[in-house]
Amino acid sequence: MDQARFELEKAVLEKKLPSNMYMFREMGTPNAHLLIGARTNAKNVYTLKIMLNDFPSSVPTVYTTKPLKDRSGRDLDVSHELHNYGTTDGKTRICHYPDGSWSPRVSLYKVYIKCRLWLECYEIYIRTGQSIDTLINEINRQGGNPTR
Amino acid sequence: MKCIYIDKDEVLAFLNSEDCHIEGQSYEWEGENVVHIHTAALPHAFGRVVAAHWHKSSLPSEPYAPEHYYVVILSDNEAKAYYVNEELQLEECEVNFIPSREEMYSRAKGILEVDILSNKRVMIIGLGSFGSQIAIELAKAGVGEFALFDFDRVELHNLARHTCTIKDLGRLKTDAIKDAVIGKNKLAKVDLFPINITDQKALMDEQVAKADLIICATDNNASRFYLTQCLLKYNKVALFGRAVTRAEGGDVFRHRPGGPCYNCLVGSRAHAMATEEITNRSQLPAYVSEEDANAMIQVGLSSDIEPICNLIVKLALVELSRGKNSGIESLETELTYDYYMWANRRERRHAVWAPFNEAKNKPTILKWYGARIAKDDNCPSCSANALLDLGEDLNTDSLTPNYEGIVLETGE
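Listed in order, the protein sequences are those of chains A and B.
Okay, so the first sequence: first residue is 228 according to this note's numbering, each after it adds one.
Okay, so the second sequence: first residue is 2 according to this note's numbering, each after it adds one.
What the hints contain is simulated information worked out from the structure, not anything from laboratory work.
All values derive from a computational prediction rather than experimental measurement.
Capping the alpha-carbon separation at 27 Å, the derived lysine-lysine pairs in DSSO-like fashion look like this: (1) B/K368 with B/K141; (2) B/K3 with B/K57; (3) B/K211 with B/K325; (4) B/K234 with A/K237; (5) A/K337 with B/K202; (6) B/K376 with A/K337; (7) B/K376 with A/K237; (8) A/K270 with A/K296; (9) B/K190 with B/K315; (10) B/K185 with B/K81; (11) B/K376 with B/K315; (12) B/K202 with A/K237; (13) A/K243 with A/K293; (14) A/K243 with A/K337; (15) B/K190 with B/K325.
Bound-form chain A, shown alone (with noise of 0.2 Å):
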């Protein structure tokens, strides 16, 4: 990310969010990061980890720091029904956003919010079995609510 857009990014973020709730960290290194806070609607606390290392140019990963779990308290493993990639090394990496559809002109803020849209249907499935994949696709088809 050139400085430019770095700039632009943090100012997005300035405006949208608290200046506790995230933190660009290593920058200029190959391990560049944004740590963003996530609380969901049922006030449990997340934090993200979105690789910035080939962003903007393609979609940039997410973990979160901590490992999430399936219902039966394993941590998630790859699986298109949970659009994740799996867990490892204590982290869980979501899937946000379809490589096909990136573009450059998608803000950090858009990822942070597809991926509080991501931990709302993880917690639905966590709740009530329905798959991630099924609850994204309700998102896509009405542009409704996962939490209903």
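With the hints as your guide, set chain B onto chain A.
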């Protein structure tokens, strides 16, 4: 009688050297009585390989080594060659010269001034069914320098549409295409980069800065978007080409400094995010099952790819010789669009196009259509007034904006 081929440039170099004898090598197409003899070993041999002894003016005195070749260079266009048979007798062979560079491309003169191209450097990113053909066509046209980028190896599923053959299986595509380029243009300078372009950004910057033209023939937008940043930084011309699902059609985009960039194109109606052709497993997310992947990987025919490659080559030649008295300068005033579309079949995105026989003025298959792409005043890549997508299209009514008590966890 065996038919010998020797390289005129090698003959001239030998004549100009102080050596009166060189130990070279011969490559025989067995059973065909055709032998290529060189002054040094080729990097990638073919056929039956035996020693070949080069001499100036006259044959050396006996004894001769059995089954070896002896080449006697009399002048820059006269030579004799002999094969030593099992009875140690000399069999005279027919000698043919592989022409020097000037001679080799003289046929193109008048159509295209090859001197213009011999000093041009073309960077090709992606050596799949598109990039491989384009590289070879440009070599045939006389382009003198190439920078070839691809980290992949030749695999079985590539062969149906690729210039590489079964004997190339397992090789790096960069190495295999270098051989093919050199086979067409023996003096071409070919630099190889078997890397992922986003992994070595400083190298990419350096190579984009050096190139006269960049051709992006990859199968994903991430590489196209990344390349666009480099193009804008160094004010370079580039061509982007691709096929859409099952090669039902394809498109070509030309990026010129000051004009719309690839990101402007992706936001335009003309582009409309047509579904990328999926040709291999690496284009799919890891969680897609093998069964689903097999259903999703649907490649088109080589003949569906050819017309798209052909236009890219024509545009490349126009760009490389732009402003010069090249012989094809009339195309500069005709191939002026930013974006070109082609349909092989009336399927999916092209289903609404008219049948070929009844098309009249409507778009139909097997014809090129050009479009001008407006520069996006708010493009985040090429505009000073960048506007980002903040997700206004997402329904976030259900998300409670509750930010209290959040403490960031580094996970380390």
